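J.: I would like the entire structure built from these sequences, with the hints used as guidance.
Order-wise, the sequence lines are chains A and B.
So that you can map any letter, position 51 of the first sequence is 181 in the working numbering, and since no number is skipped, the others follow by simple counting.
So that you can map any letter, position 58 of the second sequence is 59 in the working numbering, and since no number is skipped, the others follow by simple counting.
Rather than coming from a laboratory, the hints here were simulated on the basis of the structure.
Remember, it's a predicted structure, so these values are computed and weren't measured experimentally.
For each residue, glycine too, the CB sits at the ideal point set by N, CA and C.
One thing to keep in mind: the hints can contain errors.
Claimed, not checked - Taking lysine-lysine and the DSS-like style, the derived pairs with C-alpha atoms no more than 25 Å apart in a straight line are: (1) A:K197 with A:K262; (2) A:K197 with B:K78; (3) A:K153 with B:K78; (4) A:K324 with A:K270; (5) A:K153 with A:K197; (6) A:K197 with A:K159; (7) A:K159 with B:K78.
As the list claims (entries may be wrong) - Here are some of the chain B residues that sit facing chain A, going by a computed Cβ distance under 10 Å: (8) D28; (9) H48; (10) I50; (11) Q51; (12) R71; (13) E75; (14) I76; (15) D164; (16) D166; (17) T167; (18) L168; (19) Q169; (20) I173.
Claimed, not checked - Every beta carbon over 12 Å from chain B, so not counted as near; a handful from chain A, in silico: (21) L188; (22) G207; (23) E271; (24) P280; (25) E282; (26) E291; (27) L302; (28) I303; (29) E305; (30) C306.
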Amino acid sequence: MNTVLYEVPMPHETSSDQALVEKVQQGDKRAFDLLVIKYQYKVIGLIGRYVQDRSEALDVAQESFIKAYRAIESFRGESAFYTWLYRIAVNTAKNYLVSRSRRPPESDVELDNEEVFSVYESLADIDTPEAKLNSDRLEKEIHYAIQQLPEELRSALTLREFDGLSYEDISLIMECPVGTVRSRIFRAREAVEKHIHPLMDTGE
Amino acid sequence: MAALNENASEMLTSLSAMFDGEASERDIERLLQADSAELSRQVESFHLIQQTLHKDSAVTLGLADSLLLRVRAEIDKEDLQVKQPNTSLEEKVLPFVLPEKATSSRPNWRVMLSGVAVAASVSFVVILGGNGLLTSDTAQTNVVAEVRTPSPNMIVTPLAQLDKDTLQADNIRLQHYLRQHAEQAAMTVGQGMIPMARVVSYPVKE
Chain A
131 MNTVLYEVPM PHETSSDQAL VEKVQQGDKR AFDLLVIKYQ YKVIGLIGRY
181 VQDRSEALDV AQESFIKAYR AIESFRGESA FYTWLYRIAV NTAKNYLVSR
231 SRRPPESDVE LDNEEVFSVY ESLADIDTPE AKLNSDRLEK EIHYAIQQLP
281 EELRSALTLR EFDGLSYEDI SLIMECPVGT VRSRIFRARE AVEKHIHPLM
331 DTGE
Chain B
2 MAALNENASE MLTSLSAMFD GEASERDIER LLQADSAELS RQVESFHLIQ
52 QTLHKDSAVT LGLADSLLLR VRAEIDKEDL QVKQPNTSLE EKVLPFVLPE
102 KATSSRPNWR VMLSGVAVAA SVSFVVILGG NGLLTSDTAQ TNVVAEVRTP
152 SPNMIVTPLA QLDKDTLQAD NIRLQHYLRQ HAEQAAMTVG QGMIPMARVV
202 SYPVKE
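T.: Next comes the structure, spelled out in structure tokens:
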């Protein structure tokens, strides 16, 4: 399988993560759900670098999140939440390999300037002709849907996704309020999602 | 109906902002009221768009729900266990163990053998290094011997043609040099005493 490396802008480590963490520390489990929702793809992708089996990677990802939940009381926000979660996930993946008498990789996946594999690309049992066909078709449709977006929506989305700019920076570039940027990015995503929704349903 | 759609739209806008790390306190409050499974499905589409924009085609669907549900179920189960008195405090506090400590109770022969191999390598290097020092002393002694077999390019005066006083002076000077060298060697290496003894017994031609 061809491995394509690319850089994905890190999710901004803002106070929203810390706010969610504080809510979890106060006993709000739904806040932890949001953290799982936000980071599950990154964590599965990271673990897929160590454990190249889909079901095993899911098990390890689950265990990583459980460990994070157990230890979240000790998280004091000295590092970004994802940095902390990243270390837990890497250690869990290594422990898993050692416990299965498999050798962990010599070096860890770098967090800085992270070259992120696809969430699933290193997971062996995804590489079937059907999956490849579906993903190719989906990619084509996403590109098509993005091309069909009105200019202001497409610009806002690409400035965010390609350049990793903050909403504030995008608002300066596009000369509009931050609230408008927020709305444009969401509307762009919503339009693309509507276009690919039938494909996602068949994929399940 | 319109209000319902508006609420859903606001909720998804908040989700989009959270996905980008730009969620406000209000966004978080709104998301906490929403259905997690629905949020997870929405984030999946956001993620697909992000992946595709980054030229990555390896995408698979339907994974997110399962992970979220599994994590949530496990947390709920653990919370029930935590309420029981026999829960291990250590397990709650320690987020993870180092890979070396995570192995089973079986002895790890590979690790033990590698330790022995490292110790043997260190010993070998020490012995080799010691021999190297001794060899360098011997080599210096040999340099003295090589004076007797000069290279053809050197102009050498036969011993018989040399003046006796000159020869005597050369011998004394040579003795002096050798003694200095042997003393130095004796100071630095224990076996330097051997060349020292050899120098002391060096025959001076009368």
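J.: Run every hint past the structure and note whether it holds.
T.: Taking the hints in turn, this is what the structure says about them:
A threshold of 25 Å between alpha carbons decides the hint, and for A:K197 with A:K262 the separation of about 33 Å lies outside it, so the pair is violated. Only pairs whose Cα atoms come within 25 Å are accepted, and A:K197 paired with B:K78 is accepted, the gap being roughly 14 Å. A threshold of 25 Å between alpha carbons decides the hint, and for A:K153 with B:K78 the separation of about 20 Å falls inside it, so the pair holds. For the hint pairing A:K324 with A:K270, the CA-to-CA distance comes to about 14 Å; that is within 25 Å, so the pair holds.
A hinted pair counts as satisfied when its Cα atoms are at most 25 Å apart, and A:K153 with A:K197 qualifies at roughly 17 Å. Annotation: proposed proximity of A:K197 to A:K159 holds, straight-line Cα distance about 14 Å (limit 25 Å). With a C-alpha separation of about 13 Å, the suggested pairing of A:K159 with B:K78 holds against the 25 Å cut-off. The interface hint given for B:D28 is met, as the beta carbon of that residue sits about 7 Å from the closest beta carbon of chain A, less than 10 Å.
Look at B:H48: its Cβ gets to within about 5 Å of chain A, closer than 10 Å, so that hint holds up. With its C-beta approaching chain A no nearer than about 5 Å, B:I50 sits inside the 10 Å limit, and its interface hint holds. Restraint check, B:Q51 versus chain A: the minimum CB separation of about 6 Å is within 10 Å; hint holds. The interface hint given for B:R71 is met, as the beta carbon of that residue sits about 5 Å from the closest beta carbon of chain A, less than 10 Å.
Interface restraint check: B:E75 against chain A, minimum CB-CB distance 5 Å, threshold 10 Å, status holds. Because the smallest distance between the Cβ of B:I76 and any Cβ of chain A comes to about 5 Å, under 10 Å, the interface hint for this residue holds. For the restraint placing B:D164 at the interface with chain A, the shortest Cβ-Cβ distance is roughly 73 Å, beyond the 10 Å limit, so the hint is violated. Because the beta carbon of B:D166 sits about 73 Å from the nearest beta carbon in chain A, more than 10 Å, this interface hint is broken.
Here the hint on B:T167 is broken, as its CB sits about 69 Å from the closest CB of chain A, past 10 Å. For the restraint placing B:L168 at the interface with chain A, the shortest Cβ-Cβ distance is roughly 68 Å, beyond the 10 Å limit, so the hint is violated. For B:Q169, the suggested interface contact is broken, since its CB lies about 69 Å from the closest CB of chain A, more than 10 Å. For B:I173, the shortest C-beta to C-beta distance to chain A is roughly 64 Å, which exceeds 10 Å, and the interface hint is violated.
At the 12 Å boundary, the C-beta of A:L188 falls inside the reach of chain B, the nearest C-beta of that chain being 6 Å off. The Cβ of A:G207 sits about 15 Å from the closest Cβ of chain B, beyond the 12 Å cut-off, so the non-interface label holds. The Cβ of A:E271 does not lie farther than 12 Å from every Cβ of chain B; its closest approach is about 9 Å, which violates its non-interface assignment. Once the 12 Å rule is applied to beta carbons, A:P280 is consistent with being away from chain B; the minimum gap is 16 Å.
Residue placement check: A:E282 keeps its beta carbon more than 12 Å from all beta carbons of chain B (closest about 16 Å). Chain B draws A:E291 into its interface by the beta-carbon criterion, the shortest separation being 5 Å against a cut-off of 12 Å. With a minimum CB-CB distance of about 15 Å to chain B, A:L302 clears the 12 Å threshold, and the non-interface call stands. The Cβ of A:I303 lies farther than 12 Å from every Cβ of chain B, with a closest approach of about 15 Å, so its non-interface assignment holds.
At the 12 Å boundary, the C-beta of A:E305 stays outside the reach of chain B, the nearest C-beta of that chain being 19 Å off. Once the 12 Å rule is applied to beta carbons, A:C306 is consistent with being away from chain B; the minimum gap is 15 Å.
When each numbered hint is compared with the structure, violations occur for hints 1, 15, 16, 17, 18, 19, 20, 21, 23, 26.
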